[in-house]
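Trainee: Protein chains in written order, with the working numbering: chain Z, 1 to 115; chain L, 116 to 227.
Possibly wrong hints are sitting among the right ones.
[As the list claims (entries may be wrong)] Cβ-to-Cβ under 7 Å is the rule here; a few derived chain Z residues that face chain L:
1) Tyr32
2) Gly43
3) Leu44
4) Lys49
5) Phe51
6) Gly101
7) Lys102
8) Phe105
9) Gly108
[Said to hold, decoys possible] The list that follows gives simulated cross-link-like pairs (lysine to aspartate or glutamate, DMTMM-like), each with its CA atoms no further than 20 Å apart:
10) Lys155/L <-> Glu173/L
11) Lys137/L <-> Asp185/L
12) Lys68/Z <-> Asp54/Z
13) Lys156/L <-> Asp200/L
14) Lys49/Z <-> Glu20/Z
15) Lys156/L <-> Glu197/L
16) Lys114/Z <-> Asp85/Z
17) Lys155/L <-> Asp8/Z
18) Lys186/L <-> Glu139/L
19) Lys156/L <-> Asp85/Z
20) Lys155/L <-> Glu197/L
21) Lys156/L <-> Asp8/Z
22) Lys155/L <-> Glu88/Z
23) Lys151/L <-> Glu88/Z
24) Lys134/L <-> Asp200/L
25) Lys124/L <-> Glu220/L
26) Lys155/L <-> Asp200/L
27) Lys159/L <-> Glu88/Z
28) Lys61/Z <-> Glu220/L
29) Lys156/L <-> Glu88/Z
30) Lys49/Z <-> Asp85/Z
31) Lys61/Z <-> Glu20/Z
32) Lys151/L <-> Asp133/L
33) Lys182/L <-> Asp133/L
[To be verified] To be clear about the criterion: a stretch of chain L counts as covered by chain Z if any three or more of its residues have a C-beta under 8 Å from a C-beta of chain Z, and this derived list gives those stretches:
34) 157-170
35) 211-222
Don't read these hints as lab results, they were simulated from the structure.
Even glycine gets a Cβ: it sits at the ideal position worked out from N, Cα and C.
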Amino acid sequence: AQSVTQPDIHITVSEGASLELRCNYSYGATPYLFWYVQSPGQGLQLLLKYFSGDTLVQGIKGFEAEFKRSQSSFNLRKPSVHWSDAAEYFCAVVHGSSNTGKLIFGQGTTLQVKP
Amino acid sequence: DTAVSQTPKYLVTQMGNDKSIKCEQNLGHDTMYWYKQDSKKFLKIMFSYNNKELIINETVPNRFSPKSPDKAHLNLHINSLELGDSAVYFCASSQGSPNTIYFGEGSWLTVV
Numbered sequence: 001a002q003s004v005t006q007p008d009i010h011i012t013v014s015e016g017a018s019l020e021l022r023c024n025y026s027y028g029a030t031p032y033l034f035w036y037v038q039s040p041g042q043g044l045q046l047l048l049k050y051f052s053g054d055t056l057v058q059g060i061k062g063f064e065a066e067f068k069r070s071q072s073s074f075n076l077r078k079p080s081v082h083w084s085d086a087a088e089y090f091c092a093v094v095h096g097s098s099n100t101g102k103l104i105f106g107q108g109t110t111l112q113v114k115p
Numbered sequence: 116d117t118a119v120s121q122t123p124k125y126l127v128t129q130m131g132n133d134k135s136i137k138c139e140q141n142l143g144h145d146t147m148y149w150y151k152q153d154s155k156k157f158l159k160i161m162f163s164y165n166n167k168e169l170i171i172n173e174t175v176p177n178r179f180s181p182k183s184p185d186k187a188h189l190n191l192h193i194n195s196l197e198l199g200d201s202a203v204y205f206c207a208s209s210q211g212s213p214n215t216i217y218f219g220e221g222s223w224l225t226v227v
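Please put together the full structure from these sequences, using the hints given.
Mentor: Structure (structure tokens):
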């Protein structure tokens, strides 16, 4: 069965510091991978996605993620964190061949930004 | 205009009541979904509709009944609400394959 693991439940970084949020997936075929962000009391906003091609993908708000098939990972990075980045971050995978749109989410990582 | 809109955003109701959450998307997508986020923030799919046809029903209790009058709308009706139904319900939509799934703002349901 497909699964997504976000090993870090909670991360605190200082404003201006770099950020890496980890995501590991378990999936036999080529996965379609996503990162979503949820600000407090808000909906889910798509940050970026990987379907194929270049394994380093750029997203909104200065985020990027790198797909590493050998490590079954899709880690999210940002070189310099802003206070407004404090939120919940979700990694997700969808079954590519079935086209059902059934997203499997990780447990989420809460990002706290220190001034 | 909001791409995927849900109403109401907040809903507080008593156990045993029946309530509905409405969802509309103006993206022209063929597929719509309901996802549930529990108190631990875990997200899981409930239903998926493609062109008004039910595609996914993830072992959701029969008290939950989705209805899609047309491909731009997917409403969620919940009968006999229970305390455990308290959650955030997200509507979403997508088009084609691979799908990029766009979510609404969520509906915060509290059952007291």
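Trainee: The structure should be examined with respect to each hint, and the outcome stated for every one.
Mentor: Here's how the hints hold up against the structure:
no.	hint	verdict
1	Tyr32	holds (5 Å)
2	Gly43	holds (4 Å)
3	Leu44	holds (4 Å)
4	Lys49	holds (6 Å)
5	Phe51	holds (5 Å)
6	Gly101	holds (4 Å)
7	Lys102	holds (5 Å)
8	Phe105	holds (4 Å)
9	Gly108	holds (5 Å)
10	Lys155/L <-> Glu173/L	holds (19 Å)
11	Lys137/L <-> Asp185/L	holds (13 Å)
12	Lys68/Z <-> Asp54/Z	holds (11 Å)
13	Lys156/L <-> Asp200/L	holds (14 Å)
14	Lys49/Z <-> Glu20/Z	holds (16 Å)
15	Lys156/L <-> Glu197/L	holds (19 Å)
16	Lys114/Z <-> Asp85/Z	holds (11 Å)
17	Lys155/L <-> Asp8/Z	holds (15 Å)
18	Lys186/L <-> Glu139/L	holds (9 Å)
19	Lys156/L <-> Asp85/Z	holds (18 Å)
20	Lys155/L <-> Glu197/L	holds (18 Å)
21	Lys156/L <-> Asp8/Z	holds (14 Å)
22	Lys155/L <-> Glu88/Z	holds (12 Å)
23	Lys151/L <-> Glu88/Z	holds (16 Å)
24	Lys134/L <-> Asp200/L	holds (11 Å)
25	Lys124/L <-> Glu220/L	holds (8 Å)
26	Lys155/L <-> Asp200/L	holds (13 Å)
27	Lys159/L <-> Glu88/Z	holds (16 Å)
28	Lys61/Z <-> Glu220/L	holds (19 Å)
29	Lys156/L <-> Glu88/Z	holds (9 Å)
30	Lys49/Z <-> Asp85/Z	holds (18 Å)
31	Lys61/Z <-> Glu20/Z	holds (14 Å)
32	Lys151/L <-> Asp133/L	holds (17 Å)
33	Lys182/L <-> Asp133/L	holds (15 Å)
34	157-170	holds (count 6)
35	211-222	holds (count 10)
The earlier numbered hints are all upheld by this structure, with none contradicted.
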